[in-house]
Each structure stands twice: as structure tokens, then as C-alpha cells.
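Peer 1: Sequence:
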Amino acid sequence: MTHPNSDDLLQWYDINAREMPWRTPPAEKQAGVKPDPYRVWMSEIMLQQTTVATVRDYFIKFTKRWPTVDDLAAAEDADVMAYWAGLGYYARARNLLKCARAVSQLGAFPQTYDELIKLPGIGPYTAAAVSSIAFDEPSPVMDGNVERVMARLFDIHTPLPAAKPELYAKTAELTPRARAGDYAQAVMDLGATICTPKNPACGICPWWTPCLARQNGTAAELPKKTPKKPKPTRHGIAYVVHSDTGALLLETRPEKGLLGGMLGWPTSDWCDEPSAAPPLDVKWTKVNAQTLHTFTHFNLRLDVMVATVEGVPMVSGRHWVEKHAFQPSALPTVMRKVWDIARKA
DNA sequence: AATACGTGGGG
DNA sequence: TCCCCAAGTAT
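Residue numbering for the first sequence is 12 to 356, as defined by my numbering.
These aren't lab readings, by the way, just hints derived from the structure by calculation. Check each hint, because a few of them may be wrong.
Claimed, not checked - Heads up, simulated SDA-like pairs for lysine to any residue below, C-alpha to C-alpha not over 25 angstroms straight-line:
#1 Lys75 to Arg112
#2 Lys175 to Gly118
#3 Lys235 to Arg245
#4 Lys235 to Ile215
All chains, full assembly: derive it from the sequences and hints.
Peer 2: Encoded structure:
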């Protein structure tokens, strides 16, 4: 019974590594070019709970706009949030900026897991990924892909998240001292392309031989997971008001909580039976369409109310944005949906 | 420890 | 249609 070998996976990775904008191309790597820690870090933050396909364009946009960590550190908060709009998990954008400013202050990125994990937005996964990929520290990297691969490799049936310590032990055991960063990316690539959640392609897997789940025919049912709770549906009202000068009334949402720090329309609270909370005492018209949106832990149905006012009266906590300066792309997706409905009304 | 936190794509 | 899930972190 052969034991899984990191070299077998690295050999596969050297041939099959997917090209990504944050990876050093093989030719340059061979010439000794080291990855840019800023780009590695940026990619890892964006890749948290987000697919490579979605991240690619955002990464290119961000690094073009802010080529270095010092550039990003000097950016306006609202500018960064607008660039992040649509990518989700907006606390990442707020922490991205905090982290950039901390690193800029330090003068350079810390190079070790222990130092990196102290920075905002960097947890166990990201600290391990950056220290290994950018700085060759052999930190075991465990994300959802690695968990799945380990659960199958060792045929572990303990459900997640209880299985994490056990899976981490296997991850650490398999992580090589040399090329730990490449190895981590190799396991993640394997999980994304071959050892997939559904229909794993065991027939072309470089770890076909040692994989216990493959031997036992249990690969497709692993990893086990504890059942999740049902999603409630909440209701709310969004208010889109035009000034007769062409301006729109918007708000920057509070730092904490859902869509924190993002631009959005004034809304009621979101609950079973929302109480009307229009931002202005004018004649509102209910649009004959609703916004449906699914968040991580609840569904949302928003009614959309529209109105027109004369001039641009001051409204506490809200601000008017001139039409020429208004960019729907700066809104989180749910707010973009509201705009799509309101503009047609 | 358990919950909050987005979004888009695939089966 | 609906459910799953994707390179997790903060509290």
C-alpha cells in the first residue's frame, strides 16, 4: 500500500499548473524570478470563498489601478470599495485597505506565518498561503480544496467542520520542506480540476494509486458535512429618489455588518414585516416589480419605491450624487438590482 | 463554538 | 428551480 507522495503531485503540477495573472510564469520562475508578495497577498484575499474565474478580472483591475502596496495604502476608501463592488464579502475590501496601510507603514510584507496572521484580513489559510508561496516558508496550507483532497486520500468520514484538526494533521504531514508553495497550489489545483466535489476524475488523478477513498469507492461521498440550517426570507423596501436636477439620493452603509462600507440606496430594515422608512416626506410610488436576492444566510425580497423631489434637500446620513457621477458599477449587486428595476419605472 | 458575511456558476 | 459550493475571516 503506497503512501501519497508530494513529489508525485509536484510532478503533475509542473506540467498542468493553470496560468493565472498572479502566478509567475514557468519560464520566469526557472530564471529565478520570485513572486511579488503584494500580488500573492491580493490574489489570496480575493480568492477567499470566491472562484478563480470571478477573481481574475478584479485582480487585473486592482493591480493595474494600484500596482504596489504603497499605491493601495494611499487610495481613498470609497475608491477601493467601488472597485470591489460585486465581488462580495465586503469586509475583505475594508481589511485589504487596512492591511495595505499597515504593510506600507512597516515598509514591506512580513515573511512568516506568525507575523502575517497578525494583519487584518489574514487568517490561518492566507498566512500559510502567502508565507509559503511568496517566501518559501513550509507552512501547511489548508482550504476547502485541501480538506476535500485529504478526506478522500485518507478516507476520513468524520463530518466537517469537526474533521478539520484531523485533516490539518494530514495536510501538515504531506507538506514538503521544499517547494511548499508550489505544493499548496498543486493540491488546490487538483481539488479544483480533478478531485472536484462532484464527479471526481479519479482516472486521471496523480494520486490514483494511494487514494483510500478511490480504493474503497467512497470518493464521491466525501467529505461528509454536517447539515446546514434553512435560509429564512426577509423583506424590505428600497427608496430611489431623483432630484429634478438629476441627482440621486444614496448612502454609504455603516462599516460593520452586511454590505458594510458600501454605497447603496436608503432602505427600511430587513425583517419579516418591514416598517416603511422613507428618507424624505414626499409622494412615493411603488414600482410593480421586486428585487429578489440571496445572501449567505437569508433570502431577501425588496420592494422598490421611487419619487422625484425639487432641488437637493439635506438628508441626514445620506448624500446626493449627480447623475454624471453615478456609477452603478460602484454598487453591490443587490443594490444594482434595485437600480435596474427603478430606472425602468 | 457558532454565526455573520456576497455572489455567480454548475449540476 | 433550487441547492451546492468557491484558494475563509472576524467576532
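Peer 1: Taking 25 angstroms as the top limit, are the C-alpha atoms of Lys235 and Arg245 close enough?
Peer 2: 30 angstroms, violated
Peer 1: Measure nothing beyond the straight line between the CA atoms of Lys175 and Gly118; if it is 25 angstroms or shorter, mark the hint as holding.
Peer 2: 35 angstroms, violated
Peer 1: Are the Cα positions of Lys235 and Ile215 separated by 25 angstroms at most?
Peer 2: Status holds; Cα separation ~23 angstroms.
Peer 1: Are Lys75 and Arg112 close enough, with their CA atoms no more than 25 angstroms apart?
Peer 2: 18 angstroms, holds
The earlier numbered hints that this structure contradicts are 2, 3.
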